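Could you use the hints to bring the two separately framed chains together as a complex?
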Amino acid sequence: MNTLANPDSSTLLLFVKAECETCQLVVPAIEESMNAGNTIEILVQDDASFLNELGSISDLALEESFRWDVETTPTLIHVGADGELARVEGWDREGWQRLLNMPTLGSDLPEFQPGCGSKSREPGIHETLIAEYGEPGICSRKVELDKWDDEMESCFEHGWTDGLPVTPPTDARIVRMLQGTRRDSQEVIGKVPPNLAPVTVEKAAINAVMAGCKPEYFPVVLAALEAALEPVFTMHGLLCTTCFSSPVIVVNGPIAKQIGMNWGMNVLGQGNRANATIGRALQLIIRNVGGGIPGELDRSTLGGPGKFTFCFAEDEYSDPEWEPLSVSRGFERGQNTVTLFQGDGIQGFIDQRSRTPEELTKSLAMSLLAVGHVKLAEFTNAMLVISPEHHSIYKDAGWNRKKITDALHAAMRRPGSELIEGAQGVGEGVVASRESETINKFWPEGLLIVRAGGQAGLYSAICAGWTGGRFRDQSQPVTREIKL
Amino acid sequence: MTATALRDPTAETAEVNRPRKPPPQSLDDKTVALLDIGKMRGDEFVDRMEQLFAARGIATKRYKKPTNTRTAPVEIIQDIVSDVDIVVIALSDCGSCTSCSTHDLNDLDQLGIPGVNVLTEEFRHAFEQQCSKIGFGGASVYTPHPMQNRTTEQLHEFADSVFEEIVAAITSTNE
Chain A
1 MNTLANPDSS TLLLFVKAEC ETCQLVVPAI EESMNAGNTI EILVQDDASF LNELGSISDL
61 ALEESFRWDV ETTPTLIHVG ADGELARVEG WDREGWQRLL NMPTLGSDLP EFQPGCGSKS
121 REPGIHETLI AEYGEPGICS RKVELDKWDD EMESCFEHGW TDGLPVTPPT DARIVRMLQG
181 TRRDSQEVIG KVPPNLAPVT VEKAAINAVM AGCKPEYFPV VLAALEAALE PVFTMHGLLC
241 TTCFSSPVIV VNGPIAKQIG MNWGMNVLGQ GNRANATIGR ALQLIIRNVG GGIPGELDRS
301 TLGGPGKFTF CFAEDEYSDP EWEPLSVSRG FERGQNTVTL FQGDGIQGFI DQRSRTPEEL
361 TKSLAMSLLA VGHVKLAEFT NAMLVISPEH HSIYKDAGWN RKKITDALHA AMRRPGSELI
421 EGAQGVGEGV VASRESETIN KFWPEGLLIV RAGGQAGLYS AICAGWTGGR FRDQSQPVTR
481 EIKL
Chain B
1 MTATALRDPT AETAEVNRPR KPPPQSLDDK TVALLDIGKM RGDEFVDRME QLFAARGIAT
61 KRYKKPTNTR TAPVEIIQDI VSDVDIVVIA LSDCGSCTSC STHDLNDLDQ LGIPGVNVLT
121 EEFRHAFEQQ CSKIGFGGAS VYTPHPMQNR TTEQLHEFAD SVFEEIVAAI TSTNE
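Residue numbers (the working numbering), protein chains in the order written: chain A, 1 to 484; chain B, 1 to 175.
If you are wondering where the hints come from, they were derived from the structure by calculation, not from laboratory data. Here the structure is a predicted model, which is why all the values come from computation and not from measurement. Do not rely on the hints blindly, as some may be mistaken.
Here are the simulated lysine to aspartate or glutamate pairs, EDC-like style, with alpha carbons at most 16 Å apart [said to hold, decoys possible]:
| # | chain 1 | residue 1 | chain 2 | residue 2 |
| --- | --- | --- | --- | --- |
| 1 | A | Lys191 | B | Asp107 |
| 2 | A | Lys191 | B | Glu12 |
| 3 | A | Lys403 | A | Glu435 |
| 4 | B | Lys61 | B | Asp43 |
If we strip away everything but chain B, and leave its shape as in the complex, we get (with noise of 0.2 Å):
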C-alpha cells in the first residue's frame, strides 16, 4: 500500500478575517447611506429607518438594488462611495440576499465605507459563514424573523428596537 497525494479542489481561501474599516466616531456631519436591498417589504424598514435617523438629525440618502439575488451593481456601488461616508444595508431575510448583501457590505468597505448588515435572526449563521468564507469581520443587526408576513406597523417596531444597535455598530465609539 502507498500513500496518495491529492489535489484541493478548494479556492485555497485564508481562514483569518480582515477586519472591518473602523467607522466615525460620531455621526456629526456624516451621510449615512440607506442601502435597500430590493427584498420584498425591505422598503417598509428602510422608510422607518430614514425617519429616525432624521429625528436624530443625521443625513440619510437611500439606495435600491434592482434584485436581492444579485451583488449590488457596480454604479450604486460606485454612487455610494462618492457621496456618503457610511452604509446601512437592510434587510436580508433570506439566504440569497445575505450572500449577496455580505458581499456589498465588505466591497463598500474595501473602498472605505464602513457599514452594517440589518438581518433577520434566521440568517445569523448564513452572515457570519459568508464573511468567515471571504475573510471579513463585517458587523451586523439582527431583527425578528420572519419579516414577509408582518404588517408595516410591526416593521416599524423592529426598526425602532434596533435602531440605536445600528448606530452603536457605524460609529467607533462602541468598538
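Next up, chain A with everything else stripped away, as it sits in the complex (with noise of 0.2 Å):
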C-alpha cells in the first residue's frame, strides 16, 4: 500500500470515499484530469481498493484527512510549496475546472452535487484523531500502560475506582467529554475536600469519562460539583463524617428528559445511565480529586449504598399543577437546577389505608419522626420522596406543596418532656433545659419533598438527613442552576 509522502510544490490531493455517491460520480473527471497530465493524489477513507487503478492510496487510519481538516468527500486540495492555496468540496463543476485549469472538465456531469460528510469528522472517531494526532490540550500525567495490561485492572489497581469498573480515561473520551461543555478545560472549579485539592474542568471531565457519562450529561455534572463545593453544602464534613449520608442529587428542569433520565418507575434505583452516572461522577470526583477514600479519611462507619451514586430527576410531567422543588427553592420552572442534598440511603413508607390528606398527613409523619432517633428533632434535616399515588391524595383534596409540607411540619410537633435526654427511659434526647417547650422534629426549610416514582404503588421514601444539618446555618442543601 501506498502512502502520502510529503507534498511538494504543487501536489494535488484528493480525499474520498468508496460509499461516497459523489465521489463515485467524479471518477470520469478524474481520469480526464490524470490524462490530460495532472498527477493526484487520491487518499480513500474506507474502502483500500477503491480507485486502485488511478494510483489511489488509503487513509484508513484518517491520519491525512484528520491533518487536512477534510469536511466532505470528495475533497479536492490544491498544495503549494508553502502550504494549501485552493480547495474544492463535493462537485462543483466551475470550481474543479478552475483549480484543475480545465475549463472544459467534466462537461457531461452535472453542475453541481454536495458531498458526503468525512469520515474523519464521524462523532467518535475525529476526538480520536485529535488523540492520536492532534493537540488534545489534557494537562493531567500520563499513565502509560504497557501493552499487555488490563486497562479496566490498570484503574483498580491505580486506585481511581469506586469498586465498581470504570471507563479508562482514554484522551479520546477525555476530548469527547469536554465537548459536553463550552468551559476552558483548565479553569479551576473549586477546591475538593478533604485534601481541598483543586479540580479543574478537565480533571472533572476524566472522572465523568471513568463514570460512564455521556458529555451531553457533563453540565450537570458541574453543577453538582459546584454545588457540592459551596461552603454550606459542607462538602468536607460530609465526606469524612462517621454518619451514613453522601450527597443525593435532584435535577429539575426540561434538561431531565433531554438527557433520558428516570423520574418514574424504580426512580431511585438501578438502570438509567444517566441517573447512574451522574452521582458516580460527584462520588469519583471527591474520591480521586479530593482525596476521600473509605478507611483513609472517610471514616464512615457503616456508609451506605448512596455513597455510589444517589441522583434522580423529579416528575414534572405527569402532574403539571405540582411545583417542583427547584421552584419551592426559588427558581423559575423550566431551570435546569440541580439540588444536593446531604442524605442517606432510603427508608420506606408504606401506608395503603389512608384515604384523607389529614389521614396521610399524620401518617407521614409518624415515620419521618423516627429520622436519626425518634427522640432527636431539629437534628437533621429530610428528604419525602412522594409517590404519584401518594401525592394524588393531597392533590384530589386540593393541597399543594406549600400546604402539605406546613401540615407535616405541623403534625411533627412534640412537647419537649417526652424528648429530653432520659425521658421515657432513653439516653438519647434533646437537651433537658427544653423540657417545657414544643418541638418541631425539623427545621421549618429543612424537609424538602420530591415528587417521583412510578405511577402505581402506595409507596413512598425518607431519606434521612446528615447529622451536620443541627447546625441550621452552616449546613443546608444547595440549589444551583445548570449552565448548558
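Take a look at the structure:
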C-alpha cells in the first residue's frame, strides 16, 4: 500500500470514500484530469481497493484526512510549496475546472452535487483523531500502560475506582467529554475536600468518563460539583463523617428529559445511565481529586449505598400543577437545576389505608419522626420522595406543596418533656433545658419534598439527612442552576 | 494489542510531607490558643485544659468554631494568628472533625502558628492520612475513644492524662 510522502510544491490531493455517491460520480473527471497530465494523490478513507486503478492510496487511519481538516468527500486540495492554495468540496464543476485549470473538465457531469461527510468528522472518530494526531490539550499526568496491561484492571490497581469497574480515561474519551461544555478545560472549579485539592474542568471530565457519563450529562456533573463545593453544603464534613450520608442529587428542568433521566418507575434504583453515572461522577471526583477514600479520610462507620451514586429527576410531567422542588427553592419553572441534599439511603414508607390528606399527613409524620432517632429534633433535615399515588390523595383534596409541607411540620411538633435526654427511659434526646418547649422535628426549611416514582404503588421514601444539619446556618442543601 | 495511555484522575499532590514550624523552646511569656472545634462535649475537655495551663502560669485564650464539620472560618484563623503564639486544637472524635481540624492545624502552621491536634485514639489513622494527603508533618496527641458518653469527670481525667504530652508537643525542647 502506498503512503503519502511529504507533498512537494504543486501537489493535488483528493480525499474520497468508496461509499460516497459523489465520489463515484467524479471518477470520469479524475480520469480526464489525469489523462491530461495532472498527478492527483487520491486518498481513500474507507475501502483501500477503491480507485486502485488510478493509483489511490489508503487513508484508512484517517491521519491525512485529519491533518488536512477534511470535512467533506470528495475534497480536492491544491497544495503549493507554502501550503494549501485552494480547495473544492463536493462536485462543483466550475470550482474543479478553475482549480485544475481545465475549462471544459466534466462537461458531461451535472453542474453541482454536494458531497458526503468526511469519515474523519464522524462523532467518536474525530475525537480519537484529535487524541492520536492532534493537540488534545489535556494537561493531566499521563499514565502509560504496558501493552499487556488490562485497562480496567489498571484503574483498580491505581485505586481510582469505587469498587465497580470504570471506563478507562483515554484521551479520546476525555476530549469527547470536554465537548459537553463550553468551559475552558483548565478552569479551576474549586477545591475538593478532604484534601482541598483544586479541581479543573479537565479533572472533572476525566472522572465523568470513568463514571460512564455521556458528554451531554457533563453540564449536570459540573453544576453538581459546584453545588457540592459551596461552603454551606459542607462537603468536607459530609465526606469525612462517621455518619451514613453523602450527596443526593435531584435534577429539575427540561434537561432531565433531554438527557433521558428517570423520574418514574424505580426512580431511586438502578438501570438508568444518566441517573447512575451523574451521581457516580461526583463521588469519583471526591474520591480521586479530593482524596475521600473510605478507611482513610472517609470515616463512615457504616456507609450507605448512596455513596456509590444517588441521583434522580423529579417528575415534572405527570402532574403539571405540582410545584417542582427547584421552584420551591427560588428558581423559575423550566430552569435546569441540581439540588444537593446531604442524605442517607432510603427508609420505605408504606401506607395503603389512608384516604384523606389528614390521615396521610399523620401517617407520614409518624414515619418522619423516626429520622435519625425518634427523640432527636432539629438535628437533621429530611427528604421525602412522595409517589404519585400518595400525592394524588393530597392533589384530589386541593393540597399543594406548601400546604402539605406546613401540615407535616405541624403534625411533627411534640412536647419537650417526651424528648429530653432520659425521657421514656432512653438516654438519647434533646437537652433537658427544652423540657417545657414544644419542639419541631425539622427546621422549617429542613423538609424537602420531591414528587417522583412509578404511577402505581402506595409507597413513598424517606431519605434521612445528615447530622451536620443540626447546625442550621452552617450546613444546608444547595440548589444551583445547570449552565449549558 | 497496542499500549494505552490513561490520564491521572487524581490531584497529583506531592507525597513528601512538609515539616511543621518549630514551636518555641519555652512557653514563658507565650499565649496558647485553645481552639474548641465545636463538637459536643469538647468544651468540657477544653475547660480542664484551660485550668491546667493556668496552674502552670501559661496564658491561654479560647476560640470556638461554629461547627466541627467545616474548617475554621477565616476570621477565627486570623484572630488566632493576631493574638497568640501557639495553638492546641481539641477534641476530634469523628471523621469530619479530624479532617477539618487537621486542615486548621496546617493553615495555622503555614501562617506561623505551630500547634498540636488532640484527637481520640480511634482517629489516629485518619489524622495521619489527612497529614499525608496534604503533605504536612503535623503533631498530634491522643485521648481514649469514645468520649461522647463519658462523664465530665472522665473527660477531665483525659485532659489530665495528656496534658504533659501536649506541653511537650508545643515546645521545641522535645522535638
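Verification of the supplied hints:
At roughly 15 Å between alpha-carbon atoms, Lys191/A and Asp107/B fall within 16 Å of each other, so this suggested pair holds. The straight-line distance between the Cα atoms of Lys191/A and Glu12/B is roughly 14 Å, inside the 16 Å bound, and the hint therefore holds. Between Lys403/A and Glu435/A the CA atoms are separated by roughly 29 Å; this puts the pair beyond 16 Å, and the hint is violated. Note on Lys61/B and Asp43/B: the hinted pairing holds, with a Cα-Cα distance of about 13 Å set against a maximum of 16 Å.
In this structure, only the earlier hint numbered 3 is contradicted, and the remaining ones agree with it.
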